[in-house]
Every structure is written in C-alpha cells, then in structure tokens.
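Start from the sequences and build out the full structure, keeping to the hints where you can.
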Amino acid sequence: MGKKREIPLEIDDHFKLFGKEPWEVEYGEKCAICNIRIDEYGFCSCGSNGG
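At position 17 of the sequence shown (counting the first as 1) the number is 16 in numbering that gives the first Met the number 0, and the numbers step up by one without a gap.
Some hints here could point you the wrong way.
Mimicking EDC-like on lysine to aspartate or glutamate, the simulated pairs with C-alpha atoms at most 20 Å apart in a straight line are [to be verified]:
1) Lys19 - Glu5
2) Lys15 - Glu39
3) Lys15 - Glu25
4) Lys19 - Glu39
5) Lys3 - Glu25
6) Lys3 - Glu20
7) Lys15 - Asp38
Just so you know, the hints here were simulated from the structure itself, not pulled from any lab data.
Below you can see the structure in the form of structure tokens.
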C-alpha cells in the first residue's frame with residue numbers, strides 16, 4: 000500500500016501536472032553538469048537532460 004494522501008486532490012498541483020505523487024517518481028543516474036538525479040522522464044535541475 001502506498002503513502003496516505005497528505006494533500007487533498009483538489010489542491011494537489013503536482014498530481015494534476017504529472018499524474019503521480021512526488022515520492023512515486025523513479026530516478027536514475029546523476030547529471031554530469033548539475034550533479035542532480037535524472038528522473039524517469041530524463042529531466043534534471045539544469046535542464047540539460049543529463050549533459
């Protein structure tokens with residue numbers, strides 16, 4: 000069973016935008032430029048998509 004919903008669906012902007020909660024995002028390797036994890040969609044903090 001997943002985490003209990005802490006934010007009501009009506010005001011949960013992350014769920015509205017991405018269709019999942021922040022803790023459900025899968026991460027892979029780190030970006031060579033910003034050293035932040037790359038998510039399942041290929042995005043990191045600097046927007047270089049992993050260098």
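Hint-by-hint comparison with the structure:
1. Lys19 - Glu5: holds, 13 Å
2. Lys15 - Glu39: holds, 17 Å
3. Lys15 - Glu25: Given that 20 Å is the threshold and the Cα spacing comes to 18 Å, the pair holds.
4. Lys19 - Glu39: Satisfied, since the Cα-Cα distance of roughly 12 Å is no more than 20 Å.
5. Lys3 - Glu25: Status holds; Cα separation ~19 Å.
6. Lys3 - Glu20: Satisfied, since the Cα-Cα distance of roughly 11 Å is no more than 20 Å.
7. Lys15 - Asp38: holds, 18 Å
Of the numbered hints given earlier, the model fails none.
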